[in-house]
Amino acid sequence: MTSQAPGLWPPSGPEVVFLLLGAVAVGSALLVVTTRQLVHAALWLVVCFGALAGGYLVLTAEFVAWVQVLIYVGAVVVLLLFGIMLTRAPIGPSAGLDSGNRWAAALVAVATAAVLVTVVVTGFRTAYAPLRPGQGAAEPLGASIFRTWVLPFEALSVLLLAALIGAIVLSRTDIRGRE
Amino acid sequence: MHVVYPVVVSALLFSIGVYGVLARRNAILVLMSVELMLNAVNLNLVAFDVWLRDRLHGGQVLTLFVIVIAAAEVGLGLAIVLAVFRTRRTVDVDRLRALAEVVRAPDSGRPDGEGAS
Amino acid sequence: MTAVVALIVLLPFAGAAAGLLATRLGTRDLRTRDLRTGDLRTGDLRTRDVGARTERAVYRRAAWFAIAPGAVSAALTVWLAAALARGAGISEGRFWSGLLPGRAEGTLTVVETGSVPISLTLRADGLSVLAGILVVVVALAVQVYSVGYMRDEPRYPSYSAFVSLFTSAMLLVVYAGDLIVLYVGWEIMGLCSYLLIGHWWEDRANSRAAVKAFLVTRLGDVGFLFGIFVLGTAAGDFRIDAVLRADIPRGALVAATLLLLAGVAGKSAQVPLQTWLPDAMAGPTPISALIHAATMVAAGIFVVARLYPAFLAAPPTLDVLGVVAAVGMLGAALAALAQDDLKRVLAYSTISQLAYMAAALAAGSDRAAMFHLVSHGAFKALLFLCAGLVIHHVGSNLISHMGGLRTALPVTFWTMTIGFAALAGLPPASGFFSKDAVISAVEHGTGPAQPFVYASALLTVGVTGAYAARAWLRTFFGPARIEPLAEPPPGVAHVFDGREAPPSMLWPAGVLAVPALLLGLAGSAAGVEVEWGPAAVSLAVALLGAGIVYALWRAAPEQDPARLLGPFRVPCERAFYVDAAYAALIARPVLRLARGVVRADTRVVDGAVRGSGRATLGLSGLVRLAQNGNAQLYVTGLLAGLVLIAVAAVVLT
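Chains as they are written, first to last, in numbering that gives the first Met the number 0: chain A, 0 to 178; chain B, 0 to 116; chain C, 0 to 652.
Because the hints were derived from the structure by calculation, they are not lab data.
Every value quoted in this text rests on a predicted model; they were computed, and no experiment measured them.
Each hint should be verified, as a subset may be incorrect.
Claimed, not checked - Now the stretches of chain A that chain B is said to cover, found in silico as 3 or more residues with beta-carbon under 8 Å: (1) 33 to 47; (2) 91 to 99; (3) 114 to 122.
Said to hold, decoys possible - Computed Cβ-Cβ distance ranges for the label pairs, DEER-style: (4) Ala648(C) x Val16(A): 34 to 44 Å; (5) Leu55(B) x Ala647(C): 30 to 40 Å; (6) Ala142(A) x Leu51(B): 33 to 43 Å; (7) Tyr633(C) x Ala154(A): 25 to 35 Å; (8) Leu51(B) x Gly617(C): 53 to 63 Å.
Beta carbons are placed, not taken as given, at the ideal position from N, Cα and C, and that holds for glycine.
With the rest of the complex left out, here is chain A:
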């Protein structure tokens, strides 16, 4: 699989696209965790998720990419925005979004990044995956889900139901716990 792998440099066309999308995703993710405006953070999250969806497309996982757009960009971010709104967060820059241990957090994050990058670079330097369009289309994925993975799929539906009920119970104030 790696026998006829081309060298890392120069990157091929899809790789260039992917790297650009990756740069956008990482940059917007950085903005998410550093911005001083709550709403901006949510919006940068949208950008990050969109870039990732593009990355999925480049990686030929087109169904996952659309699902990413639909659920993450469409649902999750909207939910988060609702959350921001409901907790009466101020619109505009607000101080004190970072807690006191941000330097320790930065240290740990940088160390984690260093370790992970070192590991994956050492481990997969020569790994090459030729891209074949169509293997992540809806049809093969649907076949796989409803044949092989149907049991986890059903379990997930139950989980979703449970989460639904749990969210309702948690957010309604007129349902009280047993005294």
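Chain A is already provided as a structure; the job is to place chains B and C on it using the hints.
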């Protein structure tokens, strides 16, 4: 496509998510950071699925599942955050100190999250 | 015949067990609760109807448990004496073989110890039976007497059970055929003595006296035990016969007998361990009569007589014994002359008389010692019982509170007169004959200390006459100095309303007066010949002492004749400051050391413990700073640790 590229991107995303979880005060921002970490994992899964050319598409299917679970998690997480906000009038994670042992000394100068409600 | 001996020993023991366990059986009603909440001190249960009735039943049952076994034991002892007198056994040619030639010995069981075996052996011969008769008779008399003396005493059942236990232990000593068995009885006696001295433990002084008696005798008992070990290992056997027959090297024999002497000095209250006996008078008067006058304190003398061949083979020990006896008899007699407490007078007199027996042993005559032991047991028990009657009547122990009791207590007066006559050695009372035997033995004795002992013995005869006359005159003659007290404090006997004590107390005294008066005649009839020369001398000396006191008293009946001691009176009253010296030399340094140890314990040992606890708390406080409730901090630490572990796993492998 070299596997290194997506994998490195996902490692960086994951680390940024870690930073966000550890450094952000607002609980909703923490939730967003968790989403970042989950997405990093998703990118990993997709990349390895493509590389290994799994006939069962285990990686991509699992990605879908993770997305579903993430949606559920965000829903529950936000519900919890709202419940906390209702009782404590704050969603600052480092002011929710109920985990700390109650210090018996009366002159504890530490601000306590319970005082707000 | 061994079975009879075992029965004699075990019957009082069974009585004690029954008294301790069975007196309350079936009387479990209001009374138990009553007693628990009620006032134990005064024992005045007459006001409570139901309680008083059951108390009365318990009291009667305990009295039966106490008296019946003692009476059977006494009967069996008499039978044993008769059997031995018929002569069923080998005679060994010692002094008692003329009177009671018989001998019985039996081993019940042998305890293997790995080295020298212990054989549970009982033996009865003339010596044992002689002492045994004394024990059972005095014990029976005291038990009967106690029924009256301890009336309305809530702890009477345990009291009588302890007396029974003591009787059993003393009989075990007397009939023991093995040194270890003897030691068992010896220690149980010490225990009973402790328990009974502290009978009225509510008073702190009484319990202190009990502890003192226990500790001082224990000091001697350590030596005694090691003496037994030396004898047993040297002879390869603990049986008394084997020990006496064994060929023990002279050095070991001297060491063993000297060690035994320590135990004898402790138990018989000889110098230098005599200080516990006067304090032991804190116990009830019947106990003083039984344990601290007639039997237990005489056990030391008895043991020396029992092992007499071994002592005869160790002359240095006998010399030491002679010196100890000479110092003890004169000092104790002088102390007795100055005491104001009637029971303490008798206690010092007991020390002095025991020293007489020791002197006789040191001079080489165990016959005189045993003769005096028996007669002294009789008359001293009689004196104590009479003193109890007097104290009951007056409500005080002090002679200065007594006087003129001759008309109020005629029976007591006559019996006590017999006792004092025997004590002073006036004919025809028993003391005259036995003391004469002792003095002639001392006169014929050998050894470097003999002149000293003889002089001391003669002087003591005079002092004995003096203090006997003083106590007699001050108690029964002269003006009545005090009216009976209303309610005595606990620790002192109750006062009777009537003129004389009840018959249960008078009868034992009367019965004991008979041997106190006639035992000497019986002894001389049984072959103890009187040497009239020394007898006349000692009688003259005794009369001289008594006469001086009488003259002084006659001149001023109000005043204490003890004033003849002049400036020596205070030292005599304090028993020559021996207690103070012991306190300064031993007790106080030990206490100081103990305080130091306590301080070291609290400061150093406890300090280390507390300090380590405090250090742990402080350190944990430091560590607890990390646990501030911030979940983000926790997760930070968690992830940092994870990264570190991952790096370490890669780097280190």
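Q) Against which earlier hints does the structure fall short, listed by number upward? A) Violated hint: only 6; rest satisfied.
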